[in-house]
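Engineer: Take the sequence shown: its letter number 79 is residue 131 in my numbering, and every next letter is one higher.
Quick caveat, the hints were computed from the structure, so don't treat them as lab data. Errors might be hidden in some of the hints.
Stated by the list, open to error - Listed next, with one range per pair, are the computed distances between beta-carbon atoms:
| # | residue 1 | residue 2 | range |
| --- | --- | --- | --- |
| 1 | Thr133 | His272 | 25 to 35 Å |
| 2 | Glu285 | Thr231 | 17 to 27 Å |
| 3 | Thr56 | Ile255 | 52 to 62 Å |
| 4 | Thr231 | Gln167 | 48 to 58 Å |
| 5 | Gly175 | Ser219 | 55 to 65 Å |
All values reported here derive from a predicted model rather than from experimental measurement. Ideal Cβ positions, reconstructed from N, Cα and C, are used throughout, including at glycine.
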Amino acid sequence: MLHTVAKLHYEADMSQVDIARRLGVSTATISRLLQRARAEGIVRIEVLDLATPEGITTQLIEGLGLRDAAVIETPAAGALTALAAPLGALIKQAELTAGSVVAIGWGRAIREVIQAGLPRIPGVLTVAATGGMQQQAPHFQINEFVRLAAEEFGGTPHFIHAPYLPSSELREVFLGDATIRDSVALWDRTEVAIVGIGLPHAINPPEASAATLSEQALFHAAGDVIRHYFDAEGNLIPWEGESRMIAMSPAQLRAVSLVIGVAASPEKATAIIGAVRAKLINALVTDTKTAQAILEALLPR
């Protein structure tokens, strides 16, 4: 009878009163039988631990070998904007002071988090991590991001009024300009960098990334950080424009104490993993859906 009562109550979802009527016994008897069923192991009640953002954050840090990370619950809308608060918390933990340098990348994620607000750190210097792009798309307006970030911090912006991909000859001309040279010199003093992580061009159409034909040919790239391309294992992929770029180099990014990748898209899981393995980022701000996609991608195949 123990097994029958347990199945009727827990599987058929019958109340104790209904079971008592059906079997012709008292409700008290059914209650005692259900208690015995649990005591004897016929019924086991388990409360599952749901993955929390805090728990996922710990898994990400351990799984990727990150210096730090922050994961938020995936909101119904505005995931990128919601990353501003945890990003601000990571920046504050870096204990920046007046004169500290923060390098700013480009992309939709960077635009959204800066517009949403950054913590007040008076006197910090913000600088573009790369030259600009002759594109109208708002997510490529890097000097505007630098200006707005400085405004939010209460600091001073340093712009790079030069294209990110000039000809080799023009590159030297631009870098010979005193104002640009002074801004570029800040890259070696950068303490925190905030960068987006680009999708591979097989997923991201050229009109969205403004990729050159040479970049579009990098079919085996997992993603990029300010146009430094890498595969899923973190190997950098040389391309025709690499030597012409006006941008922080991989070596300069790797020398920065805290390089925070900002991304919220499960599609970017492989790109994020590649960016970490390439040592182009050492911290991550993301949402639970993206984080879970990363952890799944890290599982042995």
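Engineer: Please check whether Thr56 and Ile255 have a Cβ separation lying inside 52 to 62 Å.
Structural biologist: Check passed, 55 Å falls within 52 to 62 Å.
Engineer: Does the beta carbon distance between Thr231 and Gln167 stay inside 48 to 58 Å, or does it fall outside?
Structural biologist: 26 Å, violated
Engineer: Is 55 to 65 Å respected by the C-beta to C-beta distance linking Gly175 and Ser219?
Structural biologist: 37 Å, violated
Engineer: Does the hinted range 17 to 27 Å hold for Glu285 and Thr231 at CB?
Structural biologist: 39 Å, violated
Engineer: Determine whether the Cβ-Cβ distance between Thr133 and His272 falls within the hinted range of 25 to 35 Å.
Structural biologist: 33 Å, holds
Going down the numbered hints, you'll see the structure goes against 2, 4 and 5, while the others check out.
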